[in-house]
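Please build the complete structure, drawing on both the sequences and the hints.
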Amino acid sequence: MKLSQIAEKTRCRMVAANDVEIHGVAGIEDAGCGDLTFIANRKYIKHLKETRASAIILAEEMPEVQIPSLRTSNPYLAFALALELFYEPVVPERGIHPTAVVAPDAELGPNPAIGAFAVVGCGCRLGRDVVLHPHVVLYPGVELGDGAVIHAHATIREKCRLGKRVIVQNGAVIGGDGFGFAPMEKGDFYKIVQAGCVVIEDDVEIGANATIDRAAVGDTLIRRGSKIDNLVQVGHGSHVGEDCVIAAQTGLAGSTRLGRGVRAAGQVGFAGHLQVGDGATFTAQTGVPHDVPPGVIMSGYPAVENATWLRCMAALLKLPDLIKRVRDLEKSVAALRDQSGN
Amino acid sequence: MKLSQIAEKTRCRMVAANDVEIHGVAGIEDAGCGDLTFIANRKYIKHLKETRASAIILAEEMPEVQIPSLRTSNPYLAFALALELFYEPVVPERGIHPTAVVAPDAELGPNPAIGAFAVVGCGCRLGRDVVLHPHVVLYPGVELGDGAVIHAHATIREKCRLGKRVIVQNGAVIGGDGFGFAPMEKGDFYKIVQAGCVVIEDDVEIGANATIDRAAVGDTLIRRGSKIDNLVQVGHGSHVGEDCVIAAQTGLAGSTRLGRGVRAAGQVGFAGHLQVGDGATFTAQTGVPHDVPPGVIMSGYPAVENATWLRCMAALLKLPDLIKRVRDLEKSVAALRDQSGN
Amino acid sequence: MKLSQIAEKTRCRMVAANDVEIHGVAGIEDAGCGDLTFIANRKYIKHLKETRASAIILAEEMPEVQIPSLRTSNPYLAFALALELFYEPVVPERGIHPTAVVAPDAELGPNPAIGAFAVVGCGCRLGRDVVLHPHVVLYPGVELGDGAVIHAHATIREKCRLGKRVIVQNGAVIGGDGFGFAPMEKGDFYKIVQAGCVVIEDDVEIGANATIDRAAVGDTLIRRGSKIDNLVQVGHGSHVGEDCVIAAQTGLAGSTRLGRGVRAAGQVGFAGHLQVGDGATFTAQTGVPHDVPPGVIMSGYPAVENATWLRCMAALLKLPDLIKRVRDLEKSVAALRDQSGN
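Protein chains in written order, with my numbering: chain E, 1 to 342; chain R, 1 to 342; chain X, 1 to 342.
The hints are simulated quantities; they were obtained by calculation from the structure and are not laboratory data.
In this text, a Cβ means the ideal position worked out from N, Cα and C, and glycines have one as well.
Possibly wrong hints are sitting among the right ones.
Said to hold, decoys possible - With a straight-line Cα cutoff of 20 Å, these simulated EDC-like cross-link-like pairs (lysine to aspartate or glutamate) come out:
1) Lys191(R) to Glu84(X)
2) Lys318(E) to Asp321(X)
3) Lys318(R) to Asp278(E)
4) Lys318(E) to Asp321(R)
5) Lys191(X) to Asp202(E)
6) Lys331(R) to Asp321(E)
7) Lys49(X) to Glu64(X)
8) Lys186(X) to Asp278(E)
9) Lys9(X) to Glu185(R)
10) Lys46(R) to Asp328(E)
11) Lys331(R) to Asp278(X)
12) Lys324(X) to Asp338(R)
13) Lys324(E) to Asp328(R)
14) Lys186(R) to Asp291(X)
15) Lys331(E) to Asp291(R)
16) Lys318(R) to Asp328(X)
17) Lys331(E) to Glu330(R)
18) Lys331(R) to Asp188(E)
19) Lys324(R) to Glu185(X)
20) Lys46(X) to Asp291(R)
21) Lys191(X) to Asp321(E)
22) Lys164(R) to Asp188(E)
23) Lys318(X) to Glu305(R)
24) Lys191(E) to Asp146(R)
25) Lys2(X) to Glu88(X)
26) Lys324(E) to Asp321(R)
27) Lys186(R) to Glu88(X)
28) Lys191(R) to Glu88(X)
29) Lys43(E) to Asp291(X)
30) Lys318(R) to Asp321(X)
31) Lys9(E) to Asp321(X)
32) Lys324(X) to Asp328(R)
33) Lys331(R) to Glu88(X)
34) Lys324(R) to Asp328(X)
Claimed, not checked - Computed footprint of chain X on chain R; a stretch qualifies when at least three of its residues, placed anywhere within it, have a C-beta under 8 Å from a C-beta of chain X:
35) 215-224
36) 298-307
In structure tokens, the structure reads:
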């Protein structure tokens with residue numbers, strides 16, 4: 001494909017002496033002759049001079065380069081669009097695989113793709129163009145919106161409702177029982193039935209082996225557009241706002257309330273029964289025991305503002321030496337006091 | 001259902017001018033007319049005045065309220081019991097689904113519910129009333145006690161033994177190979193066969209996508225009544241005592257020994273080969289590298305008593321300023337020494 | 001089996017008055033009469049005097065013991081070899097289970113063992129002696145090397161390539177979509193197709209419910225001999241070097257590059273786009289935000305050298321007291337200054 005065609009389809013401005021032929025898209029270190037590459041992370045600017053790529057997608061404000069470039073205000077999006085031009089997806093076979101077990105009263109929309117050994121329980125309702133890969137299990141009463149794609153070995157538990165174009169990666173569990181037990185006198189526990197549902201709105205993606213629990217009462221809710229990475233735990237009754245990005249291995253304890261556009265890096269932990277304001281960001285491994293206002297960047301455990309945390313962690317490295325300095329001061333002051341006759 | 005009936009069935013004392021009609025149970029913020037609500041977490045007392053619930057479950061010692069209340073010494077248990085009165089569980093179909101593959105020599109107790117595509121390996125022995133949801137896999141030689149419930153996509157590996165009423169949530173793996181490798185001269189590793197079993201006693205619950213590993217020798221053991229949350233890792237040869245509560249994403253490295261009634265909040269890590277005393281509690285993200293005595297509350301990494309940790313973390317926020325103060329002191333002391341002629 | 005036979009098969013030197021009969025291998029605390037035991041972890045030396053084992057595997061340099069011993073330079077390996085002499089593995093049935101769904105164009109090598117409900121997608125190519133336990137799903141275009149063993153409920157996504165003797169534990173997901181989204185103007189996200197593959201070289205083991213993501217471009221790569229524990233996340237485009245050992249619940253964010261022989265204890269987090277040198281070691285819960293040179297031992301977050309971290313954490317416990325001491329010094333210095341007329 002000519003670079004000019006790619007420019008058109010990705011809505012970029014082409015800056016090039018020649019309209020080169022492009023065969024594929026590759027990372028800046030791996031790209032060779034015929035490849036289009038991109039810079040999405042500033043760490044990789046250093047590779048610009050050495051790349052063997054035939055062309056590059058760049059932000060408008062980036063410096064001039066020797067090779068043909070596609071300029072845009074959103075290079076990451078242009079990269080995504082360019083990639084699709086060369087990508088050959090695995091297209092799931094349409095229809096219902098003869099081995100699938102679909103309850104007689106389940107309602108399937110037009111054009112389903114239901115794979116081998118998939119199980120669709122009683123009373124399930126699926127929109128149009130839904131894809132269930134092999135080995136998906138829908139417990140009774142599940143609802144899936146148009147275009148939902150559920151990957152192999154994912155489970156959607158009873159009565160959970162997923163919106164349009166929701167993607168559930170392999171092995172994710174939507175609607176497992178919340179971790180709710182009433183403590184008894186003798187130290188043992190009484191299991192509390194988890195009567196609530198999980199509701200996942202349109203355009204959400206749930207990562208592989210992630211777990212989104214149902215609650216005893218009320219819904220666990222993932223709002224429109226949020227992206228939940230692999231191995232994330234969303235506890236019973238938590239609400240995740242719109243367009244949140246929750247990276248791998250993060251955990252929300254239960255009844256956590258995240259506002260809109262919250263971002264959590266990996267392995268963050270949120271205690272239960274707390275509120276996080278819109279647009280708050282959490283760096284990796286942050287532990288959040290309390291409410292957080294909108295827009296802040298938080299780090300550490302217990303979480304404080306990132307700038308404070310950075311200052312404290314830098315100071316901590318000086319602490320062993322500081323202890324010595326205080327000891328020296330104590331000696332000096334004692335000597336001065338002796339000398340002054342106190 | 002009348003509130004008085006609920007009071008009787010939940011063994012509560014009714015405090016009410018009118019015996020109101022209750023249609024369901026809901027959280028204090030979501031409850032509307034006809035709902036019974038409850039306060040289990042003190043954070044929610046502030047909502048007492050605004051709730052639109054028709055009645056509330058409260059501890060005996062809580063203040064008087066305007067709406068009808070059910071008083072009890074264990075409001076959380078009363079809530080659980082009340083919830084059951086209105087809950088319509090999904091009842092798995094009894095019998096053996098025609099697609100299930102059950103080994104000819106497997107012994108099934110009375111009244112099984114074995115779902116679609118379940119696999120029961122050679123020599124498995126199942127008690128009465130066992131539920132295997134669709135897509136459960138039991139490797140050969142597994143034993144399940146009466147009333148055990150195994151959810152879709154859970155795997156129980158060879159020869160593991162689960163007690164009565166054990167519940168395994170979706171995707172959990174019981175008896176995967178422990179992470180044991182003998183280091184070789186060239187830096188590579190020799191896999192050690194994991195010949196041990198996992199033994200899970202009565203009334204244990206294992207969360208979704210949790211992993212409980214088998215060991216090379218000896219049993220990995222989860223004792224009676226313990227509750228293990230989603231995505232928890234229990235390493236090879238670890239023992240979890242009775243009535244422990246281990247929250248999501250916590251990890252036990254291997255050969256860890258937890259006493260009775262230990263509680264770990266989310267994302268806690270226990271190093272291997274250590275002993276934790278009965279009733280010890282660990283706050284979220286605590287890292288435990290050493291033995292811990294009974295009854296203490298531990299935090300931080302390396303774990304120290306919670307009170308110490310809180311004091312240290314508060315002090316840490318003052319450290320950048322403290323460094324400045326020490327520098328000032330050093331100047332002052334130098335000046336004093338100059339002045340005194342030293 | 002006679003101890004002398006075991007000595008021969010494990011290449012140990014026997015030190016024994018009598019050539020005792022051995023019936024099994026057990027841990028030092030559980031071992032009884034007829035058992036061979038071992039010490040692999042120095043913590044257990046204290047049990048040496050009380051063990052009821054009939055014989056023990058010991059390193060050459062360990063002190064003399066009362067019971068017969070097998071001496072070797074690698075006691076852990078000798079233990080592994082001895083254990084195999086008594087271990088009766090579950091042998092998967094060879095052939096293709098009648099319920100398995102194998103694409104007509106899939107190429108199977110000699111002597112396959114393909115379990116119930118396994119799915120082998122179009123264009124898959126399997127080497128000789130491959131074992132697919134029940135409920136394994138191979139998406140189209142997967143390649144598995146000779147002797148690969150894939151456990152129940154594991155998924156290998158489209159076009160991923162696994163080498164010889166790779167073992168994938170239950171529920172692991174190889175090749176799930178990387179967590180890549182282009183931010184859009186309104187705060188929502190555009191999913192980037194994940195066109196890359198996961199490549200896993202020979203002799204790698206992947207733990208239960210671990211997730212190894214594919215990338216938008218380029219391969220995610222696990223090199224020969226590396227061992228990845230349960231619930232580990234390997235992000236899109238990361239490379240794990242040869243003979244690495246990555247313990248449970250560790251996460252690699254994306255485009256992380258680990259050298260050869262890197263060791264990470266549990267719950268470690270690696271930020272994306274960083275390089276870790278050969279042989280670096282990370283203690284549990286370490287958070288790694290930057291490049292790390294070869295051979296170092298790192299701890300804490302942000303990670304520093306372990307010795308520094310230990311010193312800082314010890315100092316932190318003294319910080320509350322240090323603050324008091326500084327306050328006292330300030331008073332003393334103020335008094336001295338008053339006295340000296342400043």
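Item to check | Pairwise hint evaluation, Asp278(X) against Lys331(R), where the allowed Cα distance is 20 Å at most | outcome: It is violated: about 45 Å lies between the C-alpha atoms, which goes past 20 Å.
Next on the checklist: Holds or violated: Lys49(X) and Glu64(X), Cα atoms, limit 20 Å.
Outcome noted: 11 Å, holds
Next on the checklist: Check whether the Cα positions of Lys324(E) and Asp321(R) lie no farther apart than 20 Å.
Outcome noted: Holds, at roughly 17 Å.
Item to check | Pairwise hint evaluation, Asp188(E) against Lys164(R), where the allowed Cα distance is 20 Å at most | outcome: The hint holds at about 15 Å.
Next on the checklist: Closer than 8 Å Cβ to Cβ for three or more residues is the test here. Does the stretch 215-224 of chain R pass it with chain X?
Outcome noted: Three-residue rule met by the stretch 215-224 of chain R, so holds; n is 3.
Next on the checklist: Hint check: Lys186(R) vs Asp291(X), CA-CA at most 20 Å. Holds or violated?
Outcome noted: Violated - the C-alpha atoms of Asp291(X) and Lys186(R) are around 26 Å apart, more than 20 Å.
Item to check | Distance restraint between Lys46(R) and Asp328(E), which requires alpha-carbon spacing of 20 Å or less | outcome: Distance ~52 Å between Lys46(R) and Asp328(E) Cα, so the pair is violated.
Next on the checklist: Tell me if the straight-line CA distance from Lys318(R) to Asp321(X) falls inside 20 Å.
Outcome noted: 12 Å, holds
Next on the checklist: Check the hint pairing Lys324(R) with Asp328(X) against an upper bound of 20 Å on the C-alpha distance.
Outcome noted: Cα-Cα ~16 Å, so holds.
Checklist entry - Does the stretch 298-307 of chain R contain three or more residues whose Cβ lies closer than 8 Å to a Cβ of chain X? => result It holds, with 3 qualifying residues against the three required.
Checklist entry - Under the criterion that the straight-line Cα-Cα distance not exceed 20 Å, is the pair Lys191(X), Asp321(E) satisfied? => result 49 Å, violated
Next on the checklist: Checking one constraint from the list: CA of Lys318(R) to CA of Asp278(E), max 20 Å. Satisfied?
Outcome noted: Judged against 20 Å, a Cα distance of about 29 Å means the pair is violated.
Checked against the numbered hints listed earlier, the structure breaks hints 3, 10, 11, 12, 14, 15, 18, 19, 21, 27, 31, 33; every other hint is satisfied.
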